[in-house]
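*Asks:* The listed protein sequences correspond, in order, to chains A and B.
Heads up: the first sequence runs through residues 1 to 353, numbered per my numbering.
Heads up: the second sequence runs through residues 354 to 942, numbered per my numbering.
Be a bit skeptical, because a hint or two may be false.
Stated by the list, open to error - List of simulated lysine-lysine pairs, DSSO-like, C-alpha gap at most 27 angstroms:
id	chain 1	residue 1	chain 2	residue 2
1	A	Lys191	B	Lys804
2	B	Lys532	B	Lys781
3	A	Lys122	B	Lys532
Hint data in this document are derived by calculation from the structure and do not stem from the laboratory.
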Amino acid sequence: MKALVLAAGKGEGLYPYTKNQQKETISILGKQIISYALEGIKKAGVNEAIIVTNDQTKKDLEINVDISYEIVNQKTPEISGAVKDGMEKIDDETFLLAFGDIIAPPEFYMSLMNSYVTGSSKAVFSLVPVYEGMQTYGLAKIIDNKIEITKENTTLALAGAYIIPKGDFTDLLEYFKSLSNSSRYFIWSGKWIDIGYPEDLINAIELLLSDKKTIISENAEISKTAIIGKGIIIDDKAIVDDYAVIKGPAYIGKEAYIGSYSLIRDYTSIEANVKIGAYTEITHSLIGEKAEIGSKSYLTFSVVGKNTKIGASTITVSYPANPVRSKENKLGALISPGEEIPHGSIIGPNFKK
Amino acid sequence: MCGIIGIIAKDKKEALASITVQCLERLEYRGYDSVGIASIKNNQIEIRKAKGKLEEVVKKLNILSMSGDTFLGHTRWATHGEPTDYNAHPHTDCTNSIAVIHNGTIRNFNELKEELISLGHTFKSETDTEIIPHLIEEFKKRGMKNFEAFQSAVKAIQGTYAILAIIKDEENKIYFAKKDNPLVIGIADKMNFISSDIPSFLPYTNKIIILIDGDIGYITNKEVYIENFGKPVKIEDRTKIITWDASAASKEGFEHYMLKEIHESPIAVEDTISGMIAEIDKIKESVKLINSARRIIVTAAGTSYHAGLLFSILLQREGYNALPIIASEYYNLKTTEEDVILAISQSGETLDVIQAIKKFKQNGSSIISLTNIIESAIARESDVKLYTRAGPEIGVAATKTFTSQVAALMLLYNFISQKDYSYLSKIKEIIRYALNYQGEARLIGEELSTKNNAYYLGRGLSLPLAMEAALKIKEIAYLHAEAYPAGESKHGPIALVEKGFPVIFINDGELTEDLQNNVQEMKARKAITYGISVNKKLNTDKELLLTTDEKLSIFAIIPIIQLIAYYASVKRGNDPDKPRNLAKTVTVE
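Looking at chain B on its own, in the form it has when it is part of the complex:
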């Protein structure tokens, strides 16, 4: 999910470097870890790039002093190679004559890199992107003209891409190609833009062309040329005027990022599992550490803690000594070198978790981390770095990242317990199936929105989900909710239950009979009971029954509890994307 911008202009009063930076600012929501800018002037390409936040990099490298009429800008979200200065885009060929920025993944980059090295090319980064400028250079060496060389390079790569390239002997041209990653052209007066998203250039123009897969071409300051599979495209047919504001454009129709991101969960899980399997050595290393440990301490905060708690239950059932601990309570635990710590954090920057693992490290414990950001602070502190690959999440309340964490931990659990993990490939399908029950989730959410308090009760693996459900509805709907093991409810919480008090039972189908008793207890106190059940019915007052593979039933529940909170929040007139008092990354004590 990198941010891409290319700008080409003539006789503009405002410096293009400044416009490029402004465009990148409007792409920041996509998430990134490094920044790079390229420009051409007097047939020379200049590149300034570094790891860090846009504002810092712009200041540090004095980017606003760059000049020229053609600019490329990029914000990188690391997937291949660490987030470092040298891995930041743009990437160049051997002679600094060609600069390329890219979003996507090139599957055959190892083969192409070997081939290019054998032909004498020198690589300066660990990225897959760098093969593109070298390929263009190679085809140019063989006598091709610039566009032909660019086309041949694109033809050679397999995978997904949105590519922009500039070549120093053509000062006023930006080449582009698109497959599976977004690219959109903006047409303004004596000025053209090409970007991964409309909001980036919306203050300058609302006249746009959305590129489709297979499009390849170039822009100049007054011309747009596109061909699709060799056939020139009529620009007028593709040109559209848009009439809405920038923030709406990136939501792709959904009213909130949160709802869009819940719908991205199936892809996030699939990418997470395939990403982890691609780095199977790291899983094996984790398994080795866990199997030789005296205790497995699972530490995290908030939503990640619930994913960790679920993982601990799975390990405890296998006889492992797994201990979940809320990160901010780290001081209560003395670990030793025989302990392994599993630290979980969406951002990888959560201060509570950093402090916990620093202390545990001092005691000699080994650290395995699971984060969504490559080489995050927590990853850097770890002996083994595992990653979810949910992509950037804009909504503050974690949704697709939670589902991905649970999927990643299920995969790890299967490796630890030496079980076949192939069934996990069905998770995607199960989440999609559950997403079709939004009407029922909405009904429950809207009913709960009228209440002041609620209990979420569960047993076994449903307990961490009940806890996550209560947290989610607290976070975004500001509804006071508490979660308890259902068996514990009669030891105190039931005192609050009276006529109409909502009690939501989470039932993954494993301990239904026990839960049914708890439902009766609550009904006897005239509570209004809801059931989110998989495969077996609880007979609550209102029940959503889903049917699916029992080993993966929790994945049918997760989207439902997230949607309930979402609709409760919307019904109360809140903005679920920006809950009050909460931040995406918790970096304070």
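Isolated chain A (complex conformation):
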């Protein structure tokens, strides 16, 4: 069986960030979002994937998963078109369709395959209970042990990984509907996040770090005066300078630099080659690769794109905000890849550049 992984969506919920970078290629905890799906697919026993992308994604894609894959450029519009374009490369009757913007553990994909293999249905749909911000791809109801695609009277959503037969269709949801009589479903109650909005990226860090133990690479340079808390991952060649406090839970990526007296706390992911100046505090934030954060800054509930420059003494404000999918009423800044923020800026909440 092959997997068809979608990674060409517009990602409007993350605008303007996703004008410069496809969301599936955003790195969280040192791994691109799409890699989480590919890792799971591989563990579910699928060794070949077709990735439907666009030119932008192709450029940024870094796949470190041991899976053989082929990239297909999306020609036909919308999600239905992407699936149809990818399906042309699939010879088997049935395939695993996965959304490249879902972060879930491998067990999610294994459960999907497991459900398919242990039953005799043509199709299997994964569902998740959702409550806040139900703007997911589609909602589903269980009627007579089968699923029905719907828009109301349910808090179950399609979870972004399915096993379905190849077919001729113009609308994917209509196609899902047509399969419902010969399908089965399962409800995923474990970790799962659909990356659609800035807060999803922030929540994903929390989800991924929530049960992690501290792991510090032998090649990392940690000053003797630095303080390292619990649930911290420090990757190869990262440098944590004198008196910095990594309170955590947090991830410090490869070759990242944390300046003296800085404080990194509460579910923060500092990606590879990031430079953080002295006396800077970062919390609940994602700092993309090669970003530079000036000294004496304070970033909270924010997403900073790769190659971004944040001037010294920049302060983000996160409250009050109105995030679509978060229990907390907080959201700081969303700074797109390559952007610059002048020194001394006070920005947010809900600031987007």
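Since chain A is already given, all that's left is putting chain B on it; use the hints.
*Replies:* Leaving out everything else, chain B in the frame of chain A:
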């Protein structure tokens, strides 16, 4: 939900009897009450079978001494006929030439049995399965070859089945057929398996073929033949490699058995109601006993007690003298021969309930039991044996069995009060409807998971549900929760309520206005109030409002309270299937 295994091998170092037993061990989770093994050697079929646990039966019948290259193994969950040695599978024909194991139900077995008896066949069991070897024997007598005879037998039966058969003149072949019950083939080196579930043979192979309805065929030690509605199936197309562990495979995608079993509730209720109606004489007998009784004592423990309490309320409303009593408190009650005891237990083995009914029996009281296990210890002590048919439940905290108990008791209540019970057929639909609100249940469960204490309050029929909700969240999320009649809350419990204290109101729509006053009382103390409401809103801080048939509103609530506990447990990082300090069957004082 029987466990089926067939193994065929050549030149294996490890004895097949031992492998068969190991495979059956891995099917034990499905629940069973008797065990049987068949093998062929030198064109002779040998069968050893008995009632009891696998370990005991293997020891008692010295099963490990059986030899041969072809084995069938079976664990039986009794549905037709008591769990006895003679009803255990495999079943054979008149000449012991054909052995069959089967999972499922054969609807037309009475007609076929009569026909076969008229043709001179002799039956040795009360099971529906036994008609299959006799049918094969009959078709063989008419000149058919083995496979053709097997196919004709399968064609003759109506119902659901996963069947394995061996025939003594074909030492190296296991025939199979599948409809509505699971069967999966495992392909190993010089060895093939066929089983009701993948985990049974997973240590030997991960190369599998899932059979689909209508598949019929045979396996040998090196060949698999399948045809579907007469058309041969390409084996390569169906072969799959699986990569996960055994325990995950039987959860069918769900992360925990508990969640899977909550989703099985609609079927469990449907099977329970149709099973009880099929044995309507037992209901009538129960009604007769209850109507002639001075008092109806409803005794049970834990979750079953809550089902019993709900039933007592229904009877009390009809003017009956119904008295719910927690089984372990049986010594406080003196019963007489004019009393009828209704004993409820999921396993039918709960020691507290056994002790209670033994004492009440000594006083001359009649016993009606409601259990999920045919001929369980409690059923054996009873004058009338009623059964829920929820199937085996693996999660320790009762979920689908509770829903089935409540459905069974509602049916009984309708017969007692001479009301039309046809509306109960909608229960299935109502539970499914409620299951669609898992996102809201999850939200409440996850919020509660951050708290240390909670109150569940209800009135009328919602009170037993509030009690069950509090018990469930205690059992699996280890969250301290208490349930009270909402009206009672101001007589003490309210003293604990302060800012942010969670109070969950269960509102089946019947006494909403009274409950609304209680909500205000709690809000005035700055409690955070939740409502699980049907048809009428309580105006709590957070409220899940479901709409459904008011007579069955409690069935919309049950899955929600179970899901709240489930998600609270998962959020706290617990394993909801195996709560600490609890066992599935309580057999100690």
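*Asks:* Need the status of pair Lys122 (chain A), Lys532 (chain B): alpha-carbon distance at most 27 angstroms?
*Replies:* holds, 16 angstroms
*Asks:* Lys191 (chain A) and Lys804 (chain B) were given as a pair; does the straight-line alpha-carbon distance stay at or below 27 angstroms?
*Replies:* holds, 21 angstroms
*Asks:* Could you grab the alpha-carbon distance between Lys532 (chain B) and Lys781 (chain B) and see if it respects the 27 angstroms cut-off?
*Replies:* holds, 23 angstroms
Of the numbered hints listed earlier, not one is contradicted by the structure.
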